[in-house]
Amino acid sequence: MKRTVVAVALMSIGLSAAQAQEVVVKLGGAAPLTGNQSHLGKDLENGTRLAIEEANAKGVTIGGKKVKFELVGEDDQADPRTGTTVAQRLVDAGVKGVIGHLNSGTSIPASRIYDQAGIPQVSPASTNPKLTLQNFSGVFRTIANDVQQGTGLGKYATGALGAKRVAIIDDRTAYGQGLADETAKAVKETGGEVVAREFTTDKATDFNAILTKIRATNPEVVFYGGMDAQAGPMVRQMKQLGITAKFLTGDGGCSPEMIKLAGDGMSSSAYCSMPGLPLEKMPGGADFRERYKKRFNADVQVYAPYAYDAAMAIITAMQKADSVEPSKYLPELKKSNFPGVIGNVSFDANGDIKEGAVTIYNFKDGAWVPL
1 MKRTVVAVAL MSIGLSAAQA QEVVVKLGGA APLTGNQSHL GKDLENGTRL AIEEANAKGV
61 TIGGKKVKFE LVGEDDQADP RTGTTVAQRL VDAGVKGVIG HLNSGTSIPA SRIYDQAGIP
121 QVSPASTNPK LTLQNFSGVF RTIANDVQQG TGLGKYATGA LGAKRVAIID DRTAYGQGLA
181 DETAKAVKET GGEVVAREFT TDKATDFNAI LTKIRATNPE VVFYGGMDAQ AGPMVRQMKQ
241 LGITAKFLTG DGGCSPEMIK LAGDGMSSSA YCSMPGLPLE KMPGGADFRE RYKKRFNADV
301 QVYAPYAYDA AMAIITAMQK ADSVEPSKYL PELKKSNFPG VIGNVSFDAN GDIKEGAVTI
361 YNFKDGAWVP L
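Quick note on UniProt numbering: the sequence shown kicks off at 1 and runs consecutively.
Hints listed in this document are in silico derivations from the structure and should not be mistaken for laboratory results.
For every residue, glycine included, the Cβ atom is placed at its ideal position computed from N, Cα and C.
Hints are supplied without guarantee of correctness; some may be wrong.
Quick list of in silico lysine to aspartate or glutamate cross-link-like pairs, EDC-like style, CA-CA up to 20 Å [unchecked claim]:
no. : residue 1 : residue 2
1   : Lys130    : Asp79
2   : Lys185    : Asp206
3   : Lys26     : Asp322
Ranges between beta-carbon positions, derived for each pair [stated by the list, open to error]:
no. : residue 1 : residue 2 : range
4   : Lys58     : Lys164    : 50 to 58 Å
5   : Gly162    : Phe338    : 34 to 42 Å
6   : Ala209    : Asp287    : 45 to 53 Å
Between the sequences and the hints, there should be enough to build the whole structure, so can you do that?
The structure is reproduced here in structure tokens:
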């Protein structure tokens, strides 16, 4: 009996020692988890969560101790003011890195708070060029920026679509306006004319007034800079008003949700763009799709693979630095060079993903099909 008690006691001591050696490392996640962009925000968070869970399952040792990563997820509601509140909450929670935000309008003001706290931020979705041009040493993104995407969109409108007259609408957010500005610039540089420039908001659902004004300019292409919650109803209302121009939008509208919201307004005249390769053409895309579906019982929306690689960039940098402290692993994060889901993950001097590709999609047979 005594031997049994001693053995149990020794086992308990051993277990306690093992537990003491395990260190919990918090990683922050920020995206809109409520409201009309919640489907995109949840997709982003799921990508982050999958990376963390898979890293924990494999087992990560840093500084001689087993590390357990923990996701601290926050809802920024796609609102700049809420975004800064969320950023401060994550800093106060002691996170060692942040994956987020989704919207450029929340990422840009939040990035200042992370920078002041010395915490690296890797965005999987914020494309406004300003994000990585603030001289902050710890801001990165795994997705192509709006200069790359807008240039591709503008050239596609005047090139492949043969448009000479282009109408442009944006939602006045940092993302929507930034992408629209770059698209307009590319249209003009490639011989096209911007015949109308109209504005809405990221909360609007009725676009009849601005579309009626645009109809009078007889555009061949209508471009919208904004999210799918507005792009879908806009396409539906274009059809109702008899506007036959082709519709073109960026990654914010390049989702299954946009197709659902557009209803019978969708046709083969609708196009969108996505930074990066189509999921099925990403080096790790097919396998990622299966793992994501198995874990969340849902299909990838848009940003999950970029979020997965953003989280892995931070985790990999920590492993290489043999430290979870931001000041220690940041130099390794800057030197990132590893095969991710989206392709090779490495950053330029500003923190932008290198060789950011842009893919154009066309609506066909009920889905977005890469061209």
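The hints, checked one at a time:
1. Lys130 x Asp79: Holds, at roughly 17 Å.
2. Lys185 x Asp206: 27 Å, violated
3. Lys26 x Asp322: Holds, because 16 Å separates the two Cα atoms, which is no more than 20 Å.
4. Lys58 x Lys164: 50 to 58 Å: For Lys164 against Lys58, whose Cβ atoms are near 55 Å apart, the range 50 to 58 Å holds.
5. Gly162 x Phe338: 34 to 42 Å: For Gly162 and Phe338 the Cβ distance comes to about 41 Å; the hint holds.
6. Ala209 x Asp287: 45 to 53 Å: 47 Å, holds
Consistency note: the structure conflicts with earlier hint 2 alone.
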